[in-house]
Amino acid sequence: MTDTVEDVAHQIFFDICGKKPTDIDIFFLKNIHFPKIEYLPRMTVHIPLPREINGNNIYEGNIFVDYESGQETIWNLFFATICHAAGHAKITDFGKYENWIKGKNKKKAYKVIEFIEDIKVNSFLEKSFPEYFQEINKIDKVFKIINEQKSGKNKGYAKRAFSEKFDNKSSHRHKIKQDILESDFENGDKLIEIAEEVYHNEGIIIEEKIPYMDHYFVQKRVSDWQQNVIINPEGVVQKNVQNFIEMWFEQLKRKAKMRKKYISITKDLNFDKIDFSPENIGEYLRLRNATHMFLKKMSREIKMIPNVMDEGKPEDMGLLELQAAIQSIAAQNNNIQIFEQDDYRRIEEAWAIVLDTSSSMKLKFDEMKKFAIVLGEAANEVNSKNGKWGFFTFNNNFEIVKDHNEKYDQTVKSRVGGIEISGLSFIGDAVKLCARILEKENIEKKYIFLVTDGQNVGTLGNNKDMEEAVMEAKKRGITIVGIGFPQKNTKIFNLCIPYENLRKTTAKFISAYTRMSGDGM
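Just so we're aligned, residue 2 is where the sequence shown starts under my numbering, counting upward by one.
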């Protein structure tokens, strides 16, 4: 599979800032208009993606009636957004402002910090990435003219503009900028001194609405859309922009095809929408590091479990599994396989892992999300040859983390990291949809692994609806395993595993899967 826009943007970001993906969270989102950076408790970057509304293409307060004519401008702004945010990741140390900001007007204080840090970021990009900065500067000039034209329509603007030439604001602003560029901010004292000066002389700050620049108090809505701005990039930036254009086209085709498949089987369900999970590769990497031991155990042991019963006995050759050999000797059981075989006695399986992301999961979510990741990694190991597996989340929406036909690549892993909680809990609809997905697979053994607290909120009938969905799936030959359910709901499933902690639940799942494979459930 070709790289995605998010993959390439992610790489550009970390190439510029020189940080590790585990240090910073990056979300690529369609539901925001402008970029936003949160610095505490850890740096989190929110990058908007282009979207289409009512036939118009929009990006960062700009509207394009025709995508083809506006695509270079859209992706030029996207590239500038990545570069600017990466500059902050490299340069900005928000911890130095923590004490200074206390007791101050928060909105005013953040304007001061952004004013100072944007000057530092531009200086860094100009010195370290001059070709990038040249194109970003071109964007700045275009929007400064636009902002001046808009301001010029207001009464009194000409008078204010004339008077500012003769007051000391302009020279004061220039002096402050020079102080920022020439100062050494390692100890932070000079930085705070400048911040204090700007805070008490707010007129120094020119509020320029440049689309790619982040603001803590980000605009939720756009009331004044800028139409059909054209800013065509050149040189190395143009090559990046063309690459984004080509990748985005391919992504839209793939996603449209997948979304169409899901929409065709959800018409009678209650989900508000079918979508793809947001992406956050940093969070995935942290969770994978935190679950590495359990992940390795689950993947290794499940892969070794035979899921077809026959009279054949594996040959006594291959790599010796020391733990299995010790167990065989201690139990005096010669049937325990002690050699790792190249081909285990396994037939194809189709898995659907579905994780409840409703608000009721809040108390258990971090732990159960870790287990879902462990289960996903195991699914990829077990079904890597001929089997298929999918990973989904649900609340009042149904989100695709991994379609059965997708590879478990960086894009999918990023979606795993981007899983968040909100909304209602449509458990019955989630089971129905996963059953319909699995029904299309021409594979004998099919499983739904439902990870939830069992609080079914939002659909008429609630538990009855869920029970009917489970029974219908079982009639279709699908094995349903409930993970995390309270005791009272356990009888409707083929198997139910209470969630205790990651270690115990992993062990119980391996034991349960062994029984299911042997019993032909």
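Keep in mind that the hints were calculated from the coordinates and are not lab data. Since we're looking at a predicted model, the values are computed, not measured. Take these hints with a grain of salt, some might be off.
Pair by pair, the computed Cβ-Cβ distance ranges are [to be verified]:
(1) S360 with E469: 35 to 41 Å
(2) I207 with R437: 31 to 37 Å
(3) R437 with L30: 15 to 21 Å
(4) L253 with K465: 36 to 42 Å
(5) Q243 with H175: 35 to 41 Å
(6) D273 with K441: 21 to 27 Å
(7) S360 with R301: 18 to 24 Å
(8) D141 with K108: 20 to 26 Å
(9) K20 with K441: 39 to 45 Å
(10) S360 with H173: 45 to 51 Å
We treat Cβ as the ideally placed atom computed from N, Cα and C, and that holds for glycine.
Hint numbers the structure violates, sorted upward?
Hint check: 1, 2, 3, 7 fail, others pass.
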